[in-house]
Amino acid sequence: MAELCNLKYDDVQVGEEIPSFSHTFDRMDAVVYAGASGDFNPIHTNPFFARDMAMLPDVIAHGLFNMALLGKTVMDWIGDPGYLKKLSCQFRGMVIPGETVVFRGRVREKLEGNLVVLDVWAEKEDASEVLKGGEAVVYLP
Amino acid sequence: MIDHRWIGKTYGPIKYEVGREKMREYAAAAKDYRPIFHDEEFAAQTGYGDIIAMPNFAAVYALRGAGMLLLDQEIKLNLAMLVHGAQEFEWFTVVKPNDVITETGRVADIYEKGNLDFVVYEGEARNQDGELVCRARATFIIRGGGA
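If you're matching them up, the sequences are chains A and B in order. According to this note's numbering, the first sequence is numbered sequentially starting from 1. According to this note's numbering, the second sequence is numbered sequentially starting from 1.
If we strip away everything but chain A, and leave its shape as in the complex, we get (with noise of 0.2 angstroms):
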C-alpha cells in the first residue's frame, strides 16, 4: 500500500509555517474553472460585463477557485487530501488578471485526537488580503 502523508503529527511544532503556493491569475483560468464548477458567472469570464455592467477593473478569479488553490496547499503539506477534515475563509480582495497571489498557513495548535490546527489566509504580493481569517484543520498520524 502507498501512503500518501509522510508527516507526522509528533514531529510538527505549532508556529510552524507550510510551504507555500503561489499563482499568478490568468483569464483562462477562470474560463476553466467556471466549466469545471459550473459557476458561469459573466464577471468571471467576460471583461466586457465585468467592466461595463459589474464596474470592475476586468474579470476576477472566483472565490472559491481561490479556495480551492488554498486546499491545495495544504494537502500539498499532508500529503493524503482525506486527511482535511476542515477548510474555512473569508473572501476578501478582487484578483484580477496578471495579479500574483501566494497561498499561506501557519499551524497554531495541535489537538487531541492526533488533529492540528492552521491558520490559512492568501495574500498578494503587496501583501493585500485575498483570503483571510481562514482555518484548517487537518488529521496526521
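Keep in mind that the hints are not guaranteed to be accurate.
As the list claims (entries may be wrong) - Derived pair list, reagent style DSS-like, types lysine-lysine, alpha-carbon separation capped at 25 angstroms: (1) K86(A) x K22(B); (2) K96(B) x K86(A); (3) K132(A) x K96(B); (4) K113(B) x K85(A).
Note that these hints are calculated values from the structure, not bench results. Quick caveat, the model's predicted, so the values are computed rather than measured.
Following the hints, complete the assembly by docking chain B onto the known chain A.
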C-alpha cells in the same frame, strides 16, 4: 433588511451523480495534478482503491441549494449587490467515482451589521450509503440593504 422569517427555509434534497472525468476536471481547474485525483493505477495501490475527488469539489456537490437560494423568487435577494463573503467546508469521508450524493440545505441565519445584510446557507451532503460526506456553510453579504 431581509425578512428573518426565511431562517429555516429548506432546499432539496438535491441529487448529484459523481462522474470520474468531472472529478478530474475540477482538480485540474484548481491546478491540482496529484495522482490520487487523476490516476487509477496509482490509486489502486493506495488504501482508497480508486481516485478520490479533491475535497474542494464540495463546491460542486454541496452548494447546489445555495444556488437555489440565490434565485429564490420568494426571498428575492438583490444579486447585483451580493458577494460570497465566507465559506466553510467540513469533510467526513472521501468522494469516489459513481457516488450518488444527496444534498439538503437550509437558510441557517439572516442578520444585519451596519449597512450589510448577511444570509447564511448550510448544506449537508450524504452519499448513497447514507454516510455524511460534507457540511458546507456559505455566507453571502448584500450591500446596502438586502431584498
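Hint-by-hint comparison with the structure:
1. A C-alpha spacing of about 22 angstroms is found between K86(A) and K22(B), which places the hinted pair at or below 25 angstroms, so the restraint holds.
2. Distance check on the hinted pair: K96(B) and K86(A) sit about 18 angstroms apart at the alpha-carbon level, within 25 angstroms; holds.
3. In summary, the hint linking K132(A) to K96(B) is not supported, as the alpha carbons are separated by about 30 angstroms, beyond the 25 angstroms threshold.
4. Straight-line distance between C-alpha atoms of K113(B) and K85(A) comes to about 30 angstroms, which puts the hinted pair past the 25 angstroms bound.
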